[in-house]
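Enquirer: Here are the chains, one letter per residue:
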Amino acid sequence: MLSVKQNEPLEFTEEMLGKFAEIVTRYPEGRQKSALLPILHEVQANYGWLSVPAMDRVAAYLQLEAIEVYEVATFYTMYFLQPQGKYALEVCRTGPCCLVGAERIMKHIEERLGVKEGEVTSDGLFSWRGVECLAACGYGPVLQIGPEYTFYENLTEAGVDKLIDELKEKASANGQSPIANG
Amino acid sequence: MARKLLLTHIDVPGIHTFEVYRQKGGYRAVEKALKTLTPEEVVEEVKKSGLRGRGGAGFPTGMKWSFLAKPEGVPRYLVCNADESEPGTFKDRYLMTHIPHALIEGMIVSSYALGANTSYIYVRGEMMPQIRILERAIAEAKNAGLLGKNILGTGYDLEVYVQPGGGAYICGEETALLESLEGKRGNPRIKPPFPAVSGLYNCPTVVNNVESIAATVPIINDGGEEYAKIGIERSTGTKLISAGGNLNKPGVYEIELGLPVEEFIYSDAYCGGIANGKRLKAVVAGGSSVPILPANLILKTLKGEPRLMTYESLADGGFQSGTMLGSGGFIAYDEDQCIVRNTWNFTRFYHHESCGQCSPCREGTGWMEKVLHKIEHGHGSFSDIDLLVDVAKKIEGNTICPLGDAAAWPVASAIRHFRDEFEWHVTNGQEAQARNYGLAHYADPLEPVI
Numbered sequence: 001m002l003s004v005k006q007n008e009p010l011e012f013t014e015e016m017l018g019k020f021a022e023i024v025t026r027y028p029e030g031r032q033k034s035a036l037l038p039i040l041h042e043v044q045a046n047y048g049w050l051s052v053p054a055m056d057r058v059a060a061y062l063q064l065e066a067i068e069v070y071e072v073a074t075f076y077t078m079y080f081l082q083p084q085g086k087y088a089l090e091v092c093r094t095g096p097c098c099l100v101g102a103e104r105i106m107k108h109i110e111e112r113l114g115v116k117e118g119e120v121t122s123d124g125l126f127s128w129r130g131v132e133c134l135a136a137c138g139y140g141p142v143l144q145i146g147p148e149y150t151f152y153e154n155l156t157e158a159g160v161d162k163l164i165d166e167l168k169e170k171a172s173a174n175g176q177s178p179i180a181n182g
Numbered sequence: 001m002a003r004k005l006l007l008t009h010i011d012v013p014g015i016h017t018f019e020v021y022r023q024k025g026g027y028r029a030v031e032k033a034l035k036t037l038t039p040e041e042v043v044e045e046v047k048k049s050g051l052r053g054r055g056g057a058g059f060p061t062g063m064k065w066s067f068l069a070k071p072e073g074v075p076r077y078l079v080c081n082a083d084e085s086e087p088g089t090f091k092d093r094y095l096m097t098h099i100p101h102a103l104i105e106g107m108i109v110s111s112y113a114l115g116a117n118t119s120y121i122y123v124r125g126e127m128m129p130q131i132r133i134l135e136r137a138i139a140e141a142k143n144a145g146l147l148g149k150n151i152l153g154t155g156y157d158l159e160v161y162v163q164p165g166g167g168a169y170i171c172g173e174e175t176a177l178l179e180s181l182e183g184k185r186g187n188p189r190i191k192p193p194f195p196a197v198s199g200l201y202n203c204p205t206v207v208n209n210v211e212s213i214a215a216t217v218p219i220i221n222d223g224g225e226e227y228a229k230i231g232i233e234r235s236t237g238t239k240l241i242s243a244g245g246n247l248n249k250p251g252v253y254e255i256e257l258g259l260p261v262e263e264f265i266y267s268d269a270y271c272g273g274i275a276n277g278k279r280l281k282a283v284v285a286g287g288s289s290v291p292i293l294p295a296n297l298i299l300k301t302l303k304g305e306p307r308l309m310t311y312e313s314l315a316d317g318g319f320q321s322g323t324m325l326g327s328g329g330f331i332a333y334d335e336d337q338c339i340v341r342n343t344w345n346f347t348r349f350y351h352h353e354s355c356g357q358c359s360p361c362r363e364g365t366g367w368m369e370k371v372l373h374k375i376e377h378g379h380g381s382f383s384d385i386d387l388l389v390d391v392a393k394k395i396e397g398n399t400i401c402p403l404g405d406a407a408a409w410p411v412a413s414a415i416r417h418f419r420d421e422f423e424w425h426v427t428n429g430q431e432a433q434a435r436n437y438g439l440a441h442y443a444d445p446l447e448p449v450i
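Chains as they are written, first to last, in full-length UniProt numbering: chain A, 1 to 182; chain B, 1 to 450.
Hint data in this document are derived by calculation from the structure and do not stem from the laboratory. There could be a bad hint or two in this list.
To spell it out: a stretch of chain A is covered by chain B in this simulated footprint if at least three of its residues, at any positions, have a beta carbon under 8 Å from a beta carbon of chain B; those stretches are [as the list claims (entries may be wrong)]:
#: 1; region: 18-31
#: 2; region: 46-58
#: 3; region: 66-77
#: 4; region: 149-158
#: 5; region: 163-173
This one's a predicted model, so the numbers in the text were calculated from it and none came from an experiment. Even glycine gets a Cβ: it sits at the ideal position worked out from N, Cα and C.
Let's have the full structure, built from the sequences with the hints guiding it.
Expert: Here it is as structure tokens:
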């Protein structure tokens with residue numbers, strides 16, 4: 001995963017720019033602003049979050065004012081405006097999941113990771129937060145992990161422990177350093 | 001055995017692939033529509049079918065289509081609403097995951113009927129796996145000549161694109177969805193003009209739910225009249241129901257409209273009863289926005305008739321004793337669930353998801369959340385309960401979009417039907433922290449409240 005400092009300008013890779021160009025072709029001429037949400041997802045998938053320089057760069061690419069990007073990035077909950085853990089666990093906290101134990105699962109994650117909602121573990125590997133209904137109410141409790149948004153359903157405490165252990169192993173096997181905190 | 005129209009081949013291995021879907025008769029509706037029917041005839045079949053919008057509003061799909069303005073030289077758009085975010089609802093995710101080609105086929109048929117040459121499927125961003133599945137399905141269909149230029153040699157051109165959302169419940173509202181698709185914040189537009197006149201890029205646009213679009217496939221294959229034979233009165237055809245909460249077999253079920261609610265909850269062919277041998281306390285029948293009903297009123301209407309899974313039967317009794325089919329998000333609550341806590345949870349959801357344009361919704365949902373939090377945590381007073389009713393009333397009908405109503409109804413109905421439980425939280429604040437109110441007298445039929 002690429003890293004970014006809060007205030008340093010950055011350049012997107014050729015690969016990212018190629019992807020952006022393909023996205024823009026989906027809309028009529030002059031309507032390239034429609035590409036904003038998909039492109040922000042691409043940027044977040046590459047950097048882990050949306051920094052101001054990254055958003056400014058998107059604005060320049062789409063020929064938008066920077067504010068047009070900020071107002072979108074701040075409206076939609078999927079976009080992270082702060083660095084997250086390499087694995088950002090998002091647990092559904094809405095009614096139907098709570099009927100089958102979502103609150104218990106969130107408490108367990110908080111204890112297991114030792115960080116509060118929205119905080120990042122000291123090794124940079126994990127962060128977590130409650131999110132609103134993920135449209136998986138028949139399989140609750142559920143959590144998702146970006147950028148692929150892999151789903152983990154019918155969660156139990158033991159299942160969460162296993163998942164966290166597996167992610168830790170995966171991270172050390174890859175030998176990747178956690179994303180840098182801006 | 002109940003008829004299935006959308007999930008007929010759900011158990012066939014590989015049905016998510018083009019090859020298997022085609023072997024099972026897939027894309028027959030595209031061939032039939034494009035080769036033998038005019039666009040007007042397709043619209044006519046959908047009108048005859050009686051299909052009503054499956055996203056929640058229940059507006060007749062054929063009628064919605066017939067409102068589409070057709071000025072010369074202006075493109076028209078079909079936009080599929082796959083922003084499925086209504087708590088309790090997960091049927092569209094299921095359909096897109098397992099039978100993505102049913103949606104793509106429906107997109108082609110519907111776009112042809114509307115004269116659209118570019119269509120978008122707006123999928124909530126969290127469903128990234130489903131977005132990949134749909135993109136693959138589109139590529140497969142294109143490869144087979146069912147999308148792109150001159151489809152099946154008929155001269156009809158169509159491109160379908162998948163657009164991810166960014167995580168916002170409000171984008172399920174059609175004009176907020178269009179704003180979002182244009183790369184803006186999801187603030188609902190003031191209507192009129194309706195999207196049928198000025199929608200995406202100010203062009204005439206139809207926005208339909210995933211399930212509505214997929215339903216056009218069996219309608220074209222078998223004819224609108226055949227489709228209309230299923231169901232009761234103005235509730236025709238089949239409906240996908242997302243069953244969640246405290247049920248033995250939660251999941252997505254395709255039912256024929258008209259199925260008794262009792263059979264749906266307790267029959268082994270469906271939900272198989274309440275989990276862990278407990279008793280049913282309450283049901284939210286159509287997604288979190290619709291009024292919650294206690295067990296007795298969801299099983300039977302106030303007149304004592306069995307409640308059926310239809311738009312009309314679920315609404316029987318109005319807001320006094322009825323509810324709505326909505327999106328088909330069916331949430332069952334067992335005897336150990338706390339109605340106050342659930343209402344607080346839902347209200348927090350609406351507060352979080354309010355776009356903030358209209359003050360009754362922006363401020364009202366926040367106040368309701370605070371007051372409910374207070375009651376749930378043992379610090380409420382009796383006047384707080386009346387205050388909630390008052391705030392809910394002042395939100396309802398006073399906002400640009402239906403999110404205000406959606407936030408008000410769960411609160412109003414919870415207090416209407418479970419006022420005792422709210423009062424118990426006030427009088428027994430300490431005890432309410434340690435245990436739940438339980439089933440109380442709601443196990444037995446209520447006295448009429450009219």
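Enquirer: Mind listing which of the numbered hints don't hold for this structure, in increasing order?
Expert: Failing hints, ascending: 2 and 5.
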